[in-house]
Each structure stands twice: as C-alpha cells, then as structure tokens.
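Going down the list, the protein sequences come from chains U and W. Counting from 2, one number per residue, gives the positions in the first sequence under our numbering. Counting from 1468, one number per residue, gives the positions in the second sequence under our numbering.
Keep in mind the hints are simulated off the structure, nothing from the lab. Honestly, I wouldn't trust all of these hints.
Stated by the list, open to error - Computed cross-link-like contacts, DSS-like style, restricted to lysine-lysine with a CA-CA straight-line distance of at most 25 Å: (1) U/K172 x W/K1680; (2) U/K92 x W/K1583; (3) U/K172 x U/K262.
Unchecked claim - Chain U regions said to be covered by chain W (calculated; three or more residues, Cβ under 8 Å): (4) 18-28; (5) 60-71; (6) 82-88; (7) 174-181; (8) 184-193; (9) 231-245; (10) 261-273.
Said to hold, decoys possible - Across the chosen pairs, the derived CB separations fall in these ranges: (11) U/I229 x W/W1521: 39 to 49 Å; (12) W/W1521 x U/V78: 32 to 42 Å; (13) U/L22 x W/Q1541: 21 to 31 Å.
Being a predicted model, the structure only gives us computed values, none of them experimental. Cβ coordinates follow ideal geometry from the N, Cα and C atoms, glycine included.
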Amino acid sequence: MQASLPSPRHYAARKRLQPWLTNGAMIIIVAVLMLPIALTLATSFKRERDVLRKPPVLFPCDGPDGQFRLSECRFDVEGYERVIAPRPDPKAPLGFSLTGRMFSTYVPNTLLYAFASSGLVFVLSGFAGYAFSRYRFRGRRELMIAILAITGIPLLTNLLALYQMAVDLRKAGIPGYDERMFIIAVYVGFQLPFSVWIVKSFFDTIPRELEEAAFIDGCTPIGAMWRIVVPLAMPGLLAAFLLCFVNVWNEFIAGYLLITKRDLRTVMFGMYDFLSQNIINYQVVAAACVLIAAPVVILFIFTRKTFFRAMTEGAIKG
Amino acid sequence: MATQAQAASASGRTERRKIRQGGFFNQTLPFWLLLPTLLVLAAIQFYPGFYSIWLSLQERQGAVWNFVGLRNFQRIFDSAIFRESLGHTVVFLVGYVAVTMVASLIIALLLNRTLKLSGVYISLIFIPWVIADVIAGLVFGLLVVPDYGLLSPILSNPALFPPNGLSIPSDPAPRPWISGFPFPPAPAMYYLILATAWRALPFVTLLILAALKTVPQEIIESARIDGASSLQALRFITLPLILPTLVVALFNLTLGGMNGIGLVFTLTRGGPGTATEVLSFLLYTIGFDRLEFGRAAALSVFIAIINLVLIVLTLRVARTEERVH
C-alpha cells in the first residue's frame, strides 16, 4: 500500500470544502477593500453634529438614553446639499439651478476636457493603430517601440516644461488661443500612446482576408478601414475612449498647474480646494467624494468587460 | 484545394499591388494616418522632455535665463532635503511594492480557482482603481482624523498602540536605526503605503490573474499526482511560469510609485514635518512653492532617468519584439 498518498475519501472531502474556504477568504478580502468606501458613504449621510462627536459613531442611531434604535436614526443629505447648493430657479429645466462651484463650474469643464480628449484619442489612435497593424513600412518597428516606451512616461517629469510652455503660450497672444486647448492637447498627448497599443492589438485580431475581399469588390483602403475594420474593432476603440475618459476625469496635477483661470479649473482641483474650505465639515467632504467618484465608478461597472479586455491586451505584459 | 488557395492568394497579391500603384495618397497612406499622432507626441512628449533638460542647465535671474551647466544638479544632490527625500522614497517604494505584490498574488491565486462569483469579486476589487488618487487621499484622510475619524477609536487605544495610542497625521518618526536613513518611518508613511497599495492592487491582480490563466492545469495536476504539495507546485511550476508578468508588474508599480503625487497631496502633504516627502512631492515643492525652476528641472531629469531605466527593463522582460509583429 502507498500510505503517503491521501485516501480518496480525504480527497473528496477537500474538494467539497475548498470552494467554501476560497469564497470565505475572498469575501473577507473584498469586505476589507470596500471598507474605506463604505465608511465614506456612512459619513456622507450624517449631520454635522453627529460628525463632530467624540468618540465617533458609525450609525447615528442612539437616542438620548444611548440605546440603539432604528427609529432614532438621523441620516441626512445635508452634506450633499452643501456640495450641490441648489437654488430655486424657474428658468432651469429641473426648477432649480446648481450653484455650488463644483457642479456649476468644475464638472462641466471636466466633462468638456474629458469628452474632447477622449474623442481625439479615439480618432487618432484608430488611424495610428490601423497603420501599425496593416502596413509594413521603414521605421515601423522603431516607431512602435518608441510609442510603447512613451506609455511608461508619466506626466510628472514633463510638468515643469509644460508649465513653462503654458506661460509662453499665454504671453504669445495667439489669436483665439485658450487655456482649454492646451490642457486638452496635454491630455491627448499622455493618453495616446497606450491607446494606440490597445487599438493596434484589437486590429491585429481582425483577419486581413475581410479587407482583401473588399478591395476586390473595389473598395479603397480608407473605405475598407471605415466600413469593415473599424466596426469590428469597435470594442478596442471604445476601450481607448473609456480609459482616456476615466483618466482625464481623475487627473489632478496637470489641471491644477496648467490652468490659471478659476472658471476653467477641473473637478479634482475642486476636490483639493474643498479640503481647505471644509476643514471640519467631514460630511461635506465625504459627500463631494461620493458625488465625484460615482460617475466613473458607475461607468466602470457597466463597461468593466471592455476595460478588462483592453488592459490585458494592451498592457505591457510578459 | 491547394491550387485554389494559391490562386486566391495570388489574386490578393495583384490586388494589393494595384492598391500600391494607385495615387500618391494611397501609396503613402500609413504616413498620413500616423502624422497627427506623431505631431501630438512631438509637441506634448518629446519637446517638453528636451525642454526639461534645457531648463535643468539654466538658472533664472530676473527675467533672463543663464546657462549654469550642471550646477543645478550639484546643488540638488548636495542638499539635505534631497537626501532625506530619497530615503523616504526608498522606504515608500519598498513598502508599497511589497504590500501590493504579495496581496495581488494571493488574491489572484484565490480568484484563479474558478469560483462562480469570480466576476463579482474582481469587479468589486477593481472599484478603488477607478477612484481618483485625490479622492482616495481624502477618503483615507477622513478615517484617521484625530478624535472624529471613524478609525480613531481603534488608533487612539493605548492598549493596541502603546504607550499613548496613535495619531497618524501628527505622530513623528521614531529614532532611525541607521542615522541618515528614515527607517522606521513615521506612522503616516505606513498609512500612505496602504492607501497607495489600495489603488494599485486591482490592476496588478488582473495582470497576474491573466498570466495564471495561461498556466496549463495539466502540468500542475501531474505534479500533484507525483506527490508535490500545492505549495511546491506553486513555488516550482506556477511562479516560474508567471515570472515575466511578476517582473513587469514590479517595474510598473515602481514607476507608478515614483511618479504618483495626487495621494500625497490630499493625504499627508508630505507631513508630519517632512516625514512623507517623497521625490515626486519634493519636485512640486521646489518647483512650484519655492519657484526654483532650474533646481526642480534637475530633479525632474533625475526622476526621468530612473523612469527610463525602469521602462527599458520592462520592455526587455516583456519581450516587446514579439508584440511588434
């Protein structure tokens, strides 16, 4: 007999037990990782006097006698109200206008920057990805490696030069120049390299025979790209768009340093500014965090498959 | 069949030749397709890169820039604040990369065991990655505000953290073990490491998970039948097979950690004192608080060189050549 091998019964028991143990471990890990988000949500729905209690309470549900009762819960949207600052306005479509700086200025600005730069990235990475995927030309290999190398370069080390460029451009007095153009160009420049790689790897998966058939039917290269390759590679192009959108929405330091006009600043500058203005109103800060993080989190949840595919296909990996 | 395929490919070839012969625009199409991308990259990536090098060799006196050679580099490398910051960066990077790699590997190994809920778990774990670093800093900051933060009852408990409990935003670093190297760090540094790892962990988990999926199960099963324990199978089969991915993840994390600044901005602002002033934040302080552009440019060139080394190493390990084709 081979005594060292586990008996079949023992093995079967382990097989049955293992999914439970793994699931248990995963649930604990997910709970720990979600804790900061849950606590922020809890804080954002408190009232000011419940936020400023010593010791802090997680659920403000204790009555005057200190007993926990559900009926005593004092949850409130005061924090959210102070971020949004709605004011009745008969002319506005919803009957009130949003007067908080966050929603009257920073959110529209950031939406503009995010849509403009993601749209440009979508088009430019589509062109470049198609050229890299379908044509063999001199210098192609070197160019692709150069672009792959740039994907690693972070904004930080270029920041001083970009700041100086922004100053020079403002002084130059180019007619029609606007700070917004420069910040959008910066965002495009930093999102483009990675997007080109994602889109190229999606184009690579589309068989060439499809285009060749179109050529035989008299299609021009541009026509074949537009009618056949682009629709098939749409998931990749959308991934480039979404990734760029989320990154621009979350970007802080370039928006903070390169934009001087307060009316043109971005959401993350607003968040940073909020901290100094609401030094003890934690429920307001928490509510702002929830409101500003929610759009990208929701966007991500609905499009997560695209994100995952893009990241595993486009990432520099072994 | 074979002749048919040959005929088809031959006709394809003539078609392609026809396209190549057609008009100047179609002949040079890849150039026109690449041109806009190359122009943007030249303006936003290459030009500022060289501009930074130029700036690092200049000093501003009034309105004019004077060439000072390598004096900016000498001044930054000689300064005490740079050496201290370099120490903080090393402590931060080692801690954050180690925490992230170990946690991601464990989570990826668990998720690789084809669970019914794997998709749900990975989606939830990924949420921190979508949350901006500035917001992550605010969220983690709110938790440890002395007296009012929701974690403060645990942190200020003297039984858990003798002798007086812990205040992350304000407790200074203990006496360093080796003079001149900031270890052990201030509590704020541990906290900064945890917050940064929280955001970086999802991406690395996904990378490792994708690599784990490519490890053939048959090899592991046959090793198990031959009597290898699951730890041995992990150590001698799985880890060597996913090693390139682990190394790429390591370099990626180091690169991200070197250059991350948003979280430092809202979580610690380099404090208490200068206890969490890493190089990226020092660059901001010198360049935009003290407005010493030449010195800051020298520091940014120094960081850029480290970045380039990391990128070149990544490209080597990631076997780029295969992916170019």
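Structure-based check of each hint:
no.	hint	in the structure
1	U/K172 x W/K1680	violated, 55 Å
2	U/K92 x W/K1583	violated, 51 Å
3	U/K172 x U/K262	holds, 14 Å
4	18-28	holds (count 6)
5	60-71	violated (count 0)
6	82-88	violated (count 0)
7	174-181	violated (count 0)
8	184-193	holds (count 6)
9	231-245	violated (count 0)
10	261-273	holds (count 3)
11	U/I229 x W/W1521: 39 to 49 Å	holds, 46 Å
12	W/W1521 x U/V78: 32 to 42 Å	violated, 53 Å
13	U/L22 x W/Q1541: 21 to 31 Å	violated, 59 Å
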